[in-house]
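Undergrad: The primary structure of each chain is shown beneath.
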Amino acid sequence: MLKAQGLACVRGDRLLFKDLSFAIDAGSLLYVLGENGSGKSSLLRMLCGLLLPEQGEVLWADKPIKANAEQYLANLKYLGHLNGLKDDLSALENLQMGARLSGQEVTEASALAALNAIGIARCAHLPARVLSQGQKRRVALAALWLSASPLWILDEPFAALDVQATEVLAARIGEHLAGGGMAIITSHQDVPIKAKSTFTVSLSA
Amino acid sequence: MHMNWFKFSSPATFYPLAGKLVPWFFWLATLLALVGLYVSFALAPTDFQQGEAYRIIFVHVPAAWMSMFIYVVMAGWAAMGLALNARLSAMMAQALAPTGAMFTLLALVTGSLWGKPMWGTWWVWDARLTSELILLFLYLGFMALQSSIDDPRRADRAGALLALVGVVNVPIIYFSVKWWNTLHQGSTINMGVAPKMAATMLLGMLLMALAFWMYSIAVSLLRVRCIMLERERSSDWVKALTAKGAK
Amino acid sequence: MKQAWLTVLKRDLLQAYRRRSDIATTLFFFVIVSSLFPLGIGPEPAVLSSIAPGVLWVAALLAGMISLSRMFAADFSDGSLEQLLLAPQPLAVLVTAKILAHWLVCGLPVVLLAPLIGLQYALPNEALWVLVYSLLLGTPTLSLIGAIGAALTLGVRGSGLLVALLVLPLYIPTLIFGAGAVATSQHGMSAEAHLSLLAAVSLLSLVLAPVATAAALRISVE
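Chains as they are written, first to last, in the numbering used here: chain A, 941 to 1145; chain B, 19 to 265; chain C, 1207 to 1428.
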């Protein structure tokens, strides 16, 4: 479904990677490995279409993602380093509005259930401003319980999470993959995720 | 690192070519300027109304033409750079901006020098001078934006977009300033359009404009060479070049 | 698409409502700037009323400008801008919701307050109405054009001053037609020509500015 062909990335005057090609299909998990500064986040942003590749292209269902961006984006859920939460809105409002922006109608009950799944329901009505880093991350991750998109691209999803939340999240990603979804993940922790097929891409600095 | 960064043209081949062209354009500019100055200061007749002071228009008018022309050319390069993702075009846009700003400033200074004997003040809010002033702001904005962004690719693309927005706005700004000027009854002497434009006067202006044009090409080629070296310092061809120079 | 558009609008308005002091800052700035002129120039009503159109319009322009950096800066630093770019809707359309929110929060209050300041400047009734009309037609353009500048300078050092340098020259036509409308009505003439030109500039920027802003956001997020 998702194919990368001959991708190259240049930041400043440094070449981070080139001739990078891979493809993943329904049910597969792709780990992107590499040291800090090796271009993992850049690769993920490139796969989302946020960063234009210096060379090569990204294809979704054999069509370049630039050509039919809206169709591709409807199938994509991306979570970067930043949580995308508004400080002045409550966790619940953040979650609901975020989902609506990506074209889903979400009831308050299902949003609360999502927050509950990752163990943060008691903060639902607090403004994001007062939450800790880990709590904010969980609110952002709760969107995965609402997402129906087949392709998940997650940048360091386990960072700032405690052991319990890590397990819950790993289980949720496993469930997504078992249901025919795809996931592309960078991670420094070694978290076991159940998947039909697992690939890795290693970037060297 | 062999990458096709330049779909339009490769800097490795453009760099030496530009280097060969620069002296030729400088010579052309000097020659045209000498002939142009001779025509404008020796051959062109003295104006019966304005005396000798009018002769500054031989610098002022071509400078004003160039200042506008260069902005359009710059926006053209910028658009090409944005559409084709061609870095050389973006570098050309960046190289042209200071020259354009210089001609705008020249037009402003000569305009105010001309204004002193004509109107008795250094500055009048005449439509043409005001538009030139705004054009200078546009050039300065372009250069300030480019120089404050560190990542060269983002700087190129952001600058290009700004140049395009500017070029759409220039006619609107020009029209609005003219409208404002007629409303507030400005000067009666229309700068640049002398009552009877003698053929020699027109010739002088054209020669000066051509000289400025050649100068702009020479200087922007020179500048684009510097930009290339700076941007491509880690590429093979620059390393080969500097190694050769060091020997 | 309508749903996503409304969500963007609602989110921005809700935030502004929870930070009401921000709206007050813009308004306060407008009031202070326009109150400085009589102190600098003198209280002569004839003089004040002759400079009023220009002063009030410049003050409105500056008030709109100082709030520009807020339009995308928070979204840029907290990551919601990325999510906006990844929404499966045309970005240029979603951007109009953000621009509208900015205008409702920073532009509209100035429009409503302007006649009061106009009274201080001894503007006749007729001119006060034209002032409101002209601001109503012109201030959306300020938000629209300003959005391009705000998007281009995201995350750039010294962006506050830079945005002024980029955006103020582009504001000139709006200033000329807006202040001109008030001035002509002061002289007992019809301001229709000015107001139509102002509307034309607004329409043009409504068509072009969101597209340019969307492109600028994509460039800045890279």
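Think of the hints as simulated: they come from the structure by calculation, not from any bench.
Every value quoted in this text rests on a predicted model; they were computed, and no experiment measured them.
Possibly wrong hints are sitting among the right ones.
Claimed, not checked - With beta-carbon atoms standing in for the labels, derived distance ranges: (1) LYS196/B - SER1241/C: 49 to 55 Å; (2) LEU1367/C - TRP255/B: 52 to 58 Å; (3) LEU1314/C - LEU955/A: 45 to 51 Å; (4) ARG1363/C - GLY1120/A: 27 to 33 Å; (5) VAL1253/C - ARG251/B: 57 to 63 Å; (6) ARG251/B - SER1137/A: 49 to 55 Å; (7) ARG251/B - LYS1216/C: 46 to 52 Å; (8) ALA1399/C - ALA1007/A: 43 to 49 Å; (9) GLN995/A - ALA216/B: 54 to 60 Å; (10) TRP140/B - SER1255/C: 55 to 61 Å; (11) ASN1008/A - PRO116/B: 38 to 44 Å; (12) LEU259/B - GLN995/A: 23 to 29 Å; (13) ARG1363/C - VAL90/B: 26 to 32 Å.
For each residue, glycine too, the CB sits at the ideal point set by N, CA and C.
Undergrad: The structure should be examined with respect to each hint, and the outcome stated for every one.
TA: Quick rundown of the hints versus the structure:
In this structure, LYS196/B and SER1241/C break the distance hint of 49 to 55 Å, their C-beta atoms being roughly 33 Å apart. As the Cβ distance of LEU1367/C to TRP255/B is approximately 38 Å, the hint placing it in 52 to 58 Å is violated. For LEU1314/C paired with LEU955/A, a C-beta distance near 50 Å keeps the hint of 45 to 51 Å intact. For ARG1363/C and GLY1120/A, the Cβ-Cβ distance of about 46 Å falls outside the hinted range of 27 to 33 Å, so the restraint is violated.
Checked against the given bound of 57 to 63 Å, the beta carbons of VAL1253/C and ARG251/B, roughly 60 Å apart, stay inside it. The supplied range of 49 to 55 Å is broken by ARG251/B and SER1137/A, whose beta-carbon atoms lie about 43 Å from each other. A hinted range of 46 to 52 Å for the beta carbons of ARG251/B and LYS1216/C is consistent with their spacing of about 49 Å. In this structure the hint that ALA1399/C and ALA1007/A lie 43 to 49 Å apart at CB holds, the actual value being about 46 Å.
Judged by the Cβ atoms, the range 54 to 60 Å given for GLN995/A and ALA216/B holds: they are separated by roughly 59 Å. Judged by the Cβ atoms, the range 55 to 61 Å given for TRP140/B and SER1255/C is violated: they are separated by roughly 30 Å. The hint said 38 to 44 Å for the Cβ distance between ASN1008/A and PRO116/B, and at roughly 41 Å that hint holds. The given range of 23 to 29 Å is respected by LEU259/B and GLN995/A, whose C-beta atoms sit roughly 24 Å from each other.
Our hint of 26 to 32 Å for ARG1363/C and VAL90/B holds, since their Cβ atoms are close to 30 Å apart.
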